[in-house]
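Undergrad: Now for the letters of each chain:
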Amino acid sequence: MAAGVLTGRDTRSASRRRRVLLEHAEAYLFILPAVLLVGAFDVLPSVAAFVMSLTRWGVVYERFAGLDNYRAILDPAGTRFAEFANSLGVTFWYVLLTVPVEMAIALLVAFVLYQGTVGRGMYRAVYFMPYITSVVAAALVFEWIFDSNFGFLNWILSFVGIGSQDWLREPTGVFELIAGGVGIQVPSVLAGPSLALVAVSFFTVWHFIGFQTVIFLAGLTNISREYYEAARIDGAGGRQIFTKITLPLLSPSIFFVFIIATIGAMRAFSQIYVLTNGGPLETTRTVSMLIFRTFFERTSSNGIGIGTAMSFLLVLIVVAITFVQFRVAGRKVFYD
Amino acid sequence: MKSRVLKHGFLLLGAAVMAFPFYWMLTTSFKSFLEAQSYPPTFWPAVWHPENWIEAWNFPNTRWPRSFANTIFVATAVTLGTIVSAVLAAYAFARMEFRGRGVLFSIFLLTIFIPNEATLIPNFVLMSRRYLGWYDTYTAQIVPFLASVFSIFLLRQFFLGVPKELQDAARLDGAGHLRFLWSVALPLVRPALITVALINFLASWNSFLWPLLVTSSPDLRPIQVALLPFSSEAGTQYHLLMAGASFVILPTVAVYLVAQRYFIEGVARSGIRG
Chain A
1 MAAGVLTGRD TRSASRRRRV LLEHAEAYLF ILPAVLLVGA FDVLPSVAAF VMSLTRWGVV
61 YERFAGLDNY RAILDPAGTR FAEFANSLGV TFWYVLLTVP VEMAIALLVA FVLYQGTVGR
121 GMYRAVYFMP YITSVVAAAL VFEWIFDSNF GFLNWILSFV GIGSQDWLRE PTGVFELIAG
181 GVGIQVPSVL AGPSLALVAV SFFTVWHFIG FQTVIFLAGL TNISREYYEA ARIDGAGGRQ
241 IFTKITLPLL SPSIFFVFII ATIGAMRAFS QIYVLTNGGP LETTRTVSML IFRTFFERTS
301 SNGIGIGTAM SFLLVLIVVA ITFVQFRVAG RKVFYD
Chain B
1001 MKSRVLKHGF LLLGAAVMAF PFYWMLTTSF KSFLEAQSYP PTFWPAVWHP ENWIEAWNFP
1061 NTRWPRSFAN TIFVATAVTL GTIVSAVLAA YAFARMEFRG RGVLFSIFLL TIFIPNEATL
1121 IPNFVLMSRR YLGWYDTYTA QIVPFLASVF SIFLLRQFFL GVPKELQDAA RLDGAGHLRF
1181 LWSVALPLVR PALITVALIN FLASWNSFLW PLLVTSSPDL RPIQVALLPF SSEAGTQYHL
1241 LMAGASFVIL PTVAVYLVAQ RYFIEGVARS GIRG
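Protein chains in written order, with our numbering: chain A, 1 to 336; chain B, 1001 to 1274.
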């Protein structure tokens, strides 16, 4: 009897174990395609990138080079350093010219839309439309709008007394241009980002505002009405409600967009490649553009080694910035 | 009242700026060469020239039908493949027990933070003859995109929302996971499925850098890459350039206008793709 119970339990647990094993096996089959693909084209290449950055590798692999590539990029006397530092400066300007502008406008639009207006869905659809259009084709349209001779932008600006500009081919810094317009000479350190970079940034802002607006609008819609009612009952005014309720409760969305937009801007490539190709005088050559160029310089026999080292440095810089954002801004984020 | 006017004024002005490039593209594409180059510019074509579109379509050294076929083929394959791999993985992560589930899912999530720049060169090298030998093939344009962590993440959220009771009931009826997934879970997450399909199709339709890198024959290149030689050959014939840009942009705008809700909700729900 006792033995019978035991064997019964044994076979039952054995069959249970087999069932669990089968379920595991089935689950592994389910995730197998995704694991293989993500492993082959995301995980493995990330590891490979680091390994390749430690080699001398042009058209073909030459030899292991240790940290030579990093030394070449970070040696202040070298040309690689000058290129890298310049493109890093361009990238930072680009982040400054796009992220705050996009976020400010998107926040404003989202607030106004949230308050409920006629045609809210239509406005949202129009603001979001640039985000789904191809960067390459849209950049072609902007090239035409920016055209120095017959462009629409120059025409419209002529009404406010701004002279014709060669938007995408003007390497002069904007501060220098503005100061020069009123007859002031500025030292070259204060020249600022080139007009071409400002034009590219304008395009970027146009392209991404809709994305951010939609995220902010979703964040605002998620705030429970009860908070507003409670605040109103307690006699809070419009401004107080905004700073004490809306902003804190929207802060997760704001923080998310801040992080995503910064990472995106640090890596910007397509729009720059099509609009200016890094020129004029390399004033729009962001780090991504520089990596691309380095990679394709088949003349220098170490394009892949230096290119991967630069991309690894870019990743480190992006991670560092994200970390700082989390430490500084992340603390102010309020989770409901 | 005054604030209402201000509000609409602001929104309208913004909408005008956002929509203007589309308007300018279309109107320019129907102007004559001379009118397009006239200064001050005209807001409406004096004489309509629909034949511009035919001229741009038949432009020397440009094969739009071929490029479109390439883009449609690649985008369709990517979308179908991604849906299959993402649905299976997302379902397993949400609804099945297996060892290493948490670790694997974390690794998947981490890959979202790996920037393209880091993997671009190794992936390019991987395509070369020494390794996979996929350079200048459709395979290189399709296979690396058959898994999308973003899609897995989004679908998993939806599968988690499928009531557990349904799964228990299905099991009592003797239905296995595949059966349950196909006839119960999938119909329930249809909106998410449509979102995932649209977003992946759009991303593939608009992809530029990767096909530019891994293809060299014009016969294999998608429209985004085909637009470049077209634009350099058309030079300053902006009426033709704008017709070409319209070819590339209008299909996506049309799909977007029909299925707007799915695009916007997909982004709003977890706008990880930036």
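If you are wondering where the hints come from, they were derived from the structure by calculation, not from laboratory data.
Fair warning: there could be bad hints in the mix.
[Said to hold, decoys possible] Taking lysine to any residue and the SDA-like style, the derived pairs with C-alpha atoms no more than 20 Å apart in a straight line are:
| hint | chain 1 | residue 1 | chain 2 | residue 2 |
| --- | --- | --- | --- | --- |
| 1 | B | 1007 | A | 239 |
| 2 | B | 1164 | A | 111 |
| 3 | B | 1007 | A | 121 |
| 4 | B | 1002 | A | 220 |
| 5 | B | 1002 | A | 111 |
| 6 | B | 1164 | A | 117 |
| 7 | B | 1007 | A | 114 |
| 8 | B | 1007 | A | 105 |
| 9 | B | 1002 | A | 67 |
| 10 | B | 1002 | A | 246 |
| 11 | B | 1164 | A | 121 |
| 12 | B | 1007 | A | 238 |
| 13 | B | 1164 | A | 220 |
| 14 | B | 1007 | A | 20 |
| 15 | B | 1164 | A | 115 |
| 16 | B | 1002 | A | 103 |
| 17 | B | 1002 | A | 221 |
| 18 | B | 1002 | A | 174 |
| 19 | B | 1007 | A | 112 |
| 20 | B | 1007 | A | 103 |
| 21 | B | 1002 | A | 20 |
| 22 | B | 1007 | A | 104 |
| 23 | B | 1002 | A | 233 |
| 24 | B | 1007 | A | 301 |
| 25 | B | 1002 | A | 184 |
Undergrad: Where does the structure disagree with the numbered hints, that is, which hint numbers, in rising order?
TA: 2, 4, 6, 9, 10, 11, 13, 14, 15, 16, 17, 18, 21, 23, 24, 25
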